[in-house]
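Peer 1: Okay, here's what each chain looks like letter by letter:
Protein chains: 2
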Amino acid sequence: MATIRDVAVDAGVSVGTVSKVLNNLYVKPGNREKVEASIKKLDYRVNTYARGLKAQQTHTVAILIPDLINPFFAMLVNDVEQVLAALGYRLLLCNSHNNADRELAYLNMARQNKVDGLIALTYSNLDEYLEAGLPVVSIDRHFSRQGICCVSGDNAEGGRLAAQQFIKTGCRNVIYIRNGSNLENETLKRGQAFLEACRKAGLSAEAMDFGEETTLQKEGVRRIHAFLEEIVRDGRCEYDGIFASSDVHAAVILKKLRELGVSVPRQVQLIGYDGLRVLNVGDYVVSSIEQPVQEMAVACADVLLKLIEKKPVESSIILPVRFVDGGTTK
Amino acid sequence: MATIRDVAVDAGVSVGTVSKVLNNLYVKPGNREKVEASIKKLDYRVNTYARGLKAQQTHTVAILIPDLINPFFAMLVNDVEQVLAALGYRLLLCNSHNNADRELAYLNMARQNKVDGLIALTYSNLDEYLEAGLPVVSIDRHFSRQGICCVSGDNAEGGRLAAQQFIKTGCRNVIYIRNGSNLENETLKRGQAFLEACRKAGLSAEAMDFGEETTLQKEGVRRIHAFLEEIVRDGRCEYDGIFASSDVHAAVILKKLRELGVSVPRQVQLIGYDGLRVLNVGDYVVSSIEQPVQEMAVACADVLLKLIEKKPVESSIILPVRFVDGGTTK
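Protein sequences appear in the order of chains S and L. Mapping the first sequence onto the working numbering, position 21 (from 1) lands on 26, and the numbers just tick up by one. Mapping the second sequence onto the working numbering, position 275 (from 1) lands on 280, and the numbers just tick up by one.
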């Protein structure tokens, strides 16, 4: 029976493109027709892919993610579920809520072979907890264990795009505000590339780190508020450009700046990260670096299935990002 | 070994309250201390609940939901996962994307005993597809099969609260705009109670139905736009109050009204449904009827576990809602 890979080869496209067609996601003009023709020609049926695998498999994949409160995570899980379902896999949702014990319990479950693979957005040290045999795809994080593929948006490019916006609109004094793990990971490149590009262009560029929480919680919001009260005096802000490590941060910053009487973007420009929209259907919440959520989901599923089939995979897949204007930049 | 129910009895609170303490959710002052004392006294350990059940169980529950794009669904799934994880259950995420075939495939899986229970937000006819033995909790929908408990917010009260807001601020001519299934379900009460209360108070009150889609998609947005272009002429709207069946609808309506030069709330007041906030952390997106998401999640998990234990359950649980001011009402 034909596999999804046979369809891809026959149509002359990637497996990711076939996944997208099966899931009714956007593909380049012409590709849908090619894929549909190959599906018909080869009499490909969704699920034959999964059925061909050995019997002890559970056809279940776990996704380990901080929570679904941040819409970026919710959209990513939504798309991963859609792609995996079309390939005959079920998705176990494992929310860590930044709780190390809970994360460990989930990793334990994965290790005990109750899932065929794991997609993880985590800052725990997977190397310690996972057996070498378990197929793992990591989002935004590298691990030393061989064979874990890292899928991420192009964080360095994201940082540079934010810098370019501030540079070309004449900012002089900018700051990067972040939350999150300081362990070696892809998202650190956002700030590094941003600061480097700004400084190279002669701007004064600083960084402010608000700690390890992946999800912004009450204490994190309080700290950001206190900091903004420090840098804003009588409606004047020390900085004319603020780059935040997520749109959730940027939304918190935007609200507080306006409460403090600062006009955005006239006095201060603000750029977030992720490219989130109001209720996921409206306008961008802030100007932002938009992450390719659908592409990341397709890549995660595609690589994980290759690993389950014991095929070689790339050690990392970096996908393009873009700047989007959400009204908080000039 | 002590069960969660033993803890509840000892502390003199409901199982739901114990779940909330275990999950660090809000409980009434004093209850946390009582529950923690009972946990200590009885040496209760999370998971003993699950371990006490018979061996053929999978300790896996499926949640069938349209998608995670609407933040109301994402928040609900987030909270259900949190409560179930604390009780030793894993959550399979089943997104239907309003696709009947996909829904059927998931119901099939549930029927084949691969999960211990099902939490479903669906408009398919579960009666046809599920065996009588499978524990099912339904959100917002009643089914004829015995033993399916329906958990929902108080939709009739939500409709009346919206009507009260329009009545007390002097609206004369209001409309209810909705999407969604027309099968008998709890959410229909939103519009029914709203229209009845408005008419009783002497307002002109109409309803506009935009079809069956549970999730607002491109075609649904286009239809709403076309309708608004019809009812707005030269910046004047035929109605002075619009009540929408979800915040996602209300956000689409708000944006279009502003594009058409209508001032909200000065000329037209707008109320949505769900009580969603910008990126789930900021201000309310619109004035709305806030649903008790955490309480609904706790009730779903609590009732499902009772069903799994073959204990009697309520046939419906209706939880309180409240009006929240999001700046689109006077």
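If you're looking for bench data, these hints aren't it; they were derived computationally from the structure. There could be a bad hint or two in this list.
Any copy will do: because identical chains look the same in the list, a pair fits if it lies in one copy or spans two.
[Claimed, not checked] Pairs of lysine to any residue residues, derived as SDA-like cross-links and limited to a Cα-Cα distance of at most 20 Å, are as follows:
1) Lys119 / Glu217
2) Lys223 / Leu233
3) Lys311 / Glu243
4) Lys315 / Arg327
5) Lys260 / Gly225
6) Lys119 / Thr65
7) Lys223 / Met213
8) Lys315 / Leu193
9) Lys223 / Asn285
10) Lys45 / Gly17
11) Lys223 / Gly287
12) Lys119 / His64
13) Lys315 / His64
14) Lys223 / Glu314
15) Lys119 / Tyr134
16) Lys316 / Gly93
17) Lys261 / Glu41
18) Lys311 / Thr65
19) Lys260 / Arg282
20) Lys223 / Tyr31
21) Lys173 / Asp330
22) Lys33 / Glu300
23) Lys311 / Pro34
24) Lys311 / Glu300
25) Lys45 / Gly35
26) Lys260 / Leu109
27) Lys335 / Asn104
28) Lys223 / Arg282
Peer 1: Take the hints in turn and mark each one as holding or not.
Peer 2: Consistency of the hints with the structure:
no., hint, verdict
1, Lys119 / Glu217, "neither (30 Å within a copy, 38 Å between copies)"
2, Lys223 / Leu233, "within (15 Å within a copy, 39 Å between copies)"
3, Lys311 / Glu243, "neither (50 Å within a copy, 58 Å between copies)"
4, Lys315 / Arg327, "neither (34 Å within a copy, 53 Å between copies)"
5, Lys260 / Gly225, "within (15 Å within a copy, 31 Å between copies)"
6, Lys119 / Thr65, "both (8 Å within a copy, 11 Å between copies)"
7, Lys223 / Met213, "within (18 Å within a copy, 40 Å between copies)"
8, Lys315 / Leu193, "neither (31 Å within a copy, 51 Å between copies)"
9, Lys223 / Asn285, "between (23 Å within a copy, 13 Å between copies)"
10, Lys45 / Gly17, "within (15 Å within a copy, 63 Å between copies)"
11, Lys223 / Gly287, "between (26 Å within a copy, 12 Å between copies)"
12, Lys119 / His64, "both (10 Å within a copy, 12 Å between copies)"
13, Lys315 / His64, "within (15 Å within a copy, 29 Å between copies)"
14, Lys223 / Glu314, "neither (43 Å within a copy, 37 Å between copies)"
15, Lys119 / Tyr134, "within (15 Å within a copy, 27 Å between copies)"
16, Lys316 / Gly93, "within (19 Å within a copy, 34 Å between copies)"
17, Lys261 / Glu41, "neither (51 Å within a copy, 37 Å between copies)"
18, Lys311 / Thr65, "within (15 Å within a copy, 26 Å between copies)"
19, Lys260 / Arg282, "both (16 Å within a copy, 13 Å between copies)"
20, Lys223 / Tyr31, "between (37 Å within a copy, 14 Å between copies)"
21, Lys173 / Asp330, "within (14 Å within a copy, 40 Å between copies)"
22, Lys33 / Glu300, "within (13 Å within a copy, 44 Å between copies)"
23, Lys311 / Pro34, "neither (26 Å within a copy, 52 Å between copies)"
24, Lys311 / Glu300, "within (16 Å within a copy, 41 Å between copies)"
25, Lys45 / Gly35, "within (16 Å within a copy, 65 Å between copies)"
26, Lys260 / Leu109, "neither (36 Å within a copy, 44 Å between copies)"
27, Lys335 / Asn104, "neither (39 Å within a copy, 42 Å between copies)"
28, Lys223 / Arg282, "between (22 Å within a copy, 15 Å between copies)"
Hint check: violations occur at hints 1, 3, 4, 8, 14, 17, 23, 26 and 27; the rest are consistent with the structure.
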